[in-house]
Amino acid sequence: MFAPADKAQADETAQSLAIDEGKKLYAVGCASCHGTGGQGTTDGPSLVGVGAAAVDFQVGTGRMPAQQPGAQVPEKPVVYSQAEIDQLAAYIASLGAGPAIPSEEKYGPEGADIAKGGELFRNNCAQCHNFTGKGGALTHGKYAPSLEDVDPKHIYEAMLTGPQNMPSFPDGTMSEQNKKDIIAYLDAVNSDDTVEPGGLSLGGLGPVSEGLFAWVFGLGALIAVAVWVAARTAKAKKS
Amino acid sequence: MSTTANEAPRSRGKAPAGERVADWADGRLGIYSLAKANMRKIFPDHWSFMLGEVCLYSFIIIILTGVYLTLFFHPSMNEVTYHGSYVPLQGQLMSEAYASTLDISFDVRGGLLIRQIHHWAALIFLAGMFVHMMRVFFTGAFRKPREINWLFGFLLFVLGMFTGFTGYSLPDDLLSGTGIRFMEGAILSVPIVGTYISFFLFGGEFPGHDFVARFYSIHILLLPGIMLGLVVGHLILVFYHKHTQFAGPGKTNKNVVGMPLLPVYMAKAGGFFFLVFGVIAAISAIATINPIWAIGPYRPDMVSTGAQPDWYMGFSEGLIRVMPGWEINFWGHTLVLGVFVPLLIFPLVLVAIAVYPFIESWVTGDKREHHILDRPRNAPTRTAFGVAWITWYMVLLIGGGNDLWATHFHLSINAITWFVRIGFFVAPVVAFIVTKRICLGLQRRDKDKVLHGRESGIIKRLPHGEFIEVHEPLSQEQLHTLTAHEQYKPAEIGPEVDENGVRRKVKRTEKLRAKLSKGYYGEDSQIPKPTVEEYKEITSGHGHH
Chain G
-6 MFAPADKAQA DETAQSLAID EGKKLYAVGC ASCHGTGGQG TTDGPSLVGV
44 GAAAVDFQVG TGRMPAQQPG AQVPEKPVVY SQAEIDQLAA YIASLGAGPA
94 IPSEEKYGPE GADIAKGGEL FRNNCAQCHN FTGKGGALTH GKYAPSLEDV
144 DPKHIYEAML TGPQNMPSFP DGTMSEQNKK DIIAYLDAVN SDDTVEPGGL
194 SLGGLGPVSE GLFAWVFGLG ALIAVAVWVA ARTAKAKKS
Chain D
148 MSTTANEAPR SRGKAPAGER VADWADGRLG IYSLAKANMR KIFPDHWSFM
198 LGEVCLYSFI IIILTGVYLT LFFHPSMNEV TYHGSYVPLQ GQLMSEAYAS
248 TLDISFDVRG GLLIRQIHHW AALIFLAGMF VHMMRVFFTG AFRKPREINW
298 LFGFLLFVLG MFTGFTGYSL PDDLLSGTGI RFMEGAILSV PIVGTYISFF
348 LFGGEFPGHD FVARFYSIHI LLLPGIMLGL VVGHLILVFY HKHTQFAGPG
398 KTNKNVVGMP LLPVYMAKAG GFFFLVFGVI AAISAIATIN PIWAIGPYRP
448 DMVSTGAQPD WYMGFSEGLI RVMPGWEINF WGHTLVLGVF VPLLIFPLVL
498 VAIAVYPFIE SWVTGDKREH HILDRPRNAP TRTAFGVAWI TWYMVLLIGG
548 GNDLWATHFH LSINAITWFV RIGFFVAPVV AFIVTKRICL GLQRRDKDKV
598 LHGRESGIIK RLPHGEFIEV HEPLSQEQLH TLTAHEQYKP AEIGPEVDEN
648 GVRRKVKRTE KLRAKLSKGY YGEDSQIPKP TVEEYKEITS GHGHH
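Protein sequences appear in the order of chains G and D.
Letter 55 of the first sequence, counting from 1, is numbered 48 in this note's numbering, and no numbers are missing.
Just add 147 to wherever you are in the second sequence, counting from 1, and you've got this note's numbering.
Hint data in this document are derived by calculation from the structure and do not stem from the laboratory.
We treat Cβ as the ideally placed atom computed from N, Cα and C, and that holds for glycine.
Treat the hints loosely; a few may be bogus.
Claimed, not checked - Coverage of chain D stretches by chain G, computed from C-beta distances (three or more under 8 Å per stretch; other residues unrestricted):
no., segment
1, 230 to 244
2, 252 to 260
3, 417 to 429
4, 433 to 440
5, 502 to 516
6, 549 to 558
Given only the sequences and the hints, what does the whole structure look like? Please build it.
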């Protein structure tokens, strides 16, 4: 009768140790905006039920702790180590049930359909993030960030939790397989390994950067050539 | 004996092959007199006179590459499943038009390079026309007898815009599909007939199965055919009118100083063609344009951010992006002002610059021929108007790319939209005033240079201790160039009473014209040129000042 209880207690000790450490970190780095118990204040939302995945995304991409209030909290250099992030995540997860940090097989490339991911991306994500995830503007200074070289885990967590201005895509809305497909598509079209068959991609932003390039380098070069040609004219021989 | 024996067969025998070919052709085409009249045609030298050549050559490049693309493009909206070599689209449903464009990009030899040359050349063609048009505008080259050629050029620009737009729409990718949807929305906003026009154009509900094939005919046949005719007309008129030239010693309204067409300009122009081709080909090999594979096939239920038209349509995008979404509802009908008003302003922006030559000639009453170009500073009102128009256009272009300005400069897109809304009305006025002041300042500087010479940078100390800068007098050529321009007097209304003392009726248009003319040539709009007396008085004085 005591033996299973002992075992369960031992598990809880490791878990509660992480929660305790996380609580301490939370009190120093987060509580001023999110409240002493994660209940939220006027400066920051409640964290009850956001889950470990939200913490891993927000702190793991450096967005949290926030530097200053504003339309949107930008990505910054990460402040905490992964171990500390896990402790923070454990503490926040203990406040209420929420999505857990995904395991690697969920966002890995195995069994993903890139073409299907592209279709899903254009249908669900391109409205804000652009055709290949180069980012785009939202209202009043908010924006959808570029997805170039974002850690697949963080993309998965973002879809799962809907950080900041992004809607969330829980598994009921978008299946785990679909998320995997989207991540594989982004890896194919918007990462360091992406092949650009046409040459420089000019930011992948479409006709605005193409037009600027045509004016500055295309017409600019042609005018330079015209000046050069006009300056070299046949001259009458001086006798 | 021997000499006559040698000469006789030559005179009676056959002429050299070249001469015979020329004779044969001349007897049938009359090229001799044509060549005689035109081969020695003189063209003046200035780099800005070559902007039109940039347009002509890029147009030729577009036609050549376009012919190659038609060999592989399928203008069809039949749905197919993709099995080509681009992996991220494998197994996707798409139109044949899109699939064949992917094939051109990945599976046709040289296809992607030709596609990129075609598209880059199109952007450069339009940019070249814009700059060429501005060169003609700011130097007053549109004045009599060249008004019709100005209109030809303007039509080429507008047709170029629409040829470009229809071409951009052909691949049926998600970006161009969004553009077509935008156009359809604009058509639908037209009261009463909008829906009918849309159904007529798309053969029913958008997108239907027809528009790619229809746009294809328009893009490769109708519009380029008209443009080719206009280009030929444009060039014939350039030959007929002879080229304009900047003022300078020996250059008058009755001559053209420069080099002959043959051999100098043929060599130059021929070489320049290959330079233009080279620059465009190099750019096409270096930079991607319209990567339709990354954009994906069009589906009416999808849309992406950052969807813009090519630059020459950007100002219309700006109009629609900054227009408040007003609409009026009455008797079950909706008038979508948010889309319809931009649709009305769109042609006005273009027409504003096209009609300017006629307004200027009406206001100034100037009906003489002009073959000597103005320096922009010497026509301050015209220059100010041109800069105001460009400012207007640029403000709208900013509006068209408001999302990219927002993300790249960390601004609020709403703030940019408001900037454009206010700038649409205010910026041209400010630009007009500022440009006019700058022109007058430059005129004053010219006057100063003529009367007092060029600042030499040499400081001289006079015996009584004063420091002065030594000014060097200008050469005769420079003096001529700086004072060659004509200065006009504002048109007067004329006596309001006739010889019998009867008051005649002064029409309102006459009053307006006199007022505008005063704006053009009144005291506030030009600095009087230095007169010979002024010059003599100053230069005959003892020493400086």
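Here's how the hints hold up against the structure:
Here the segment 230 to 244 of chain D counts 6 residues with a CB under 8 Å from a CB of chain G, which clears the bar of 3, and the coverage holds. For the segment 252 to 260 of chain D, the stated coverage by chain G holds: 3 residues have a C-beta nearer than 8 Å to a C-beta of that chain, and at least 3 were required. For a cut-off of 8 Å, the count of residues in the segment 417 to 429 of chain D with a CB near a CB of chain G stands at 6, and the three-residue condition holds. Restraint check on the segment 433 to 440 of chain D versus chain G: 7 residues with Cβ-Cβ distances below 8 Å, three needed, restraint holds.
With 0 residues bearing a CB less than 8 Å from a CB of chain G, the segment 502 to 516 of chain D misses the requirement of three and the coverage assertion fails. Coverage of the segment 549 to 558 of chain D by chain G holds in this model, with 7 residues showing a Cβ closer than 8 Å to a Cβ of that chain against a need of three.
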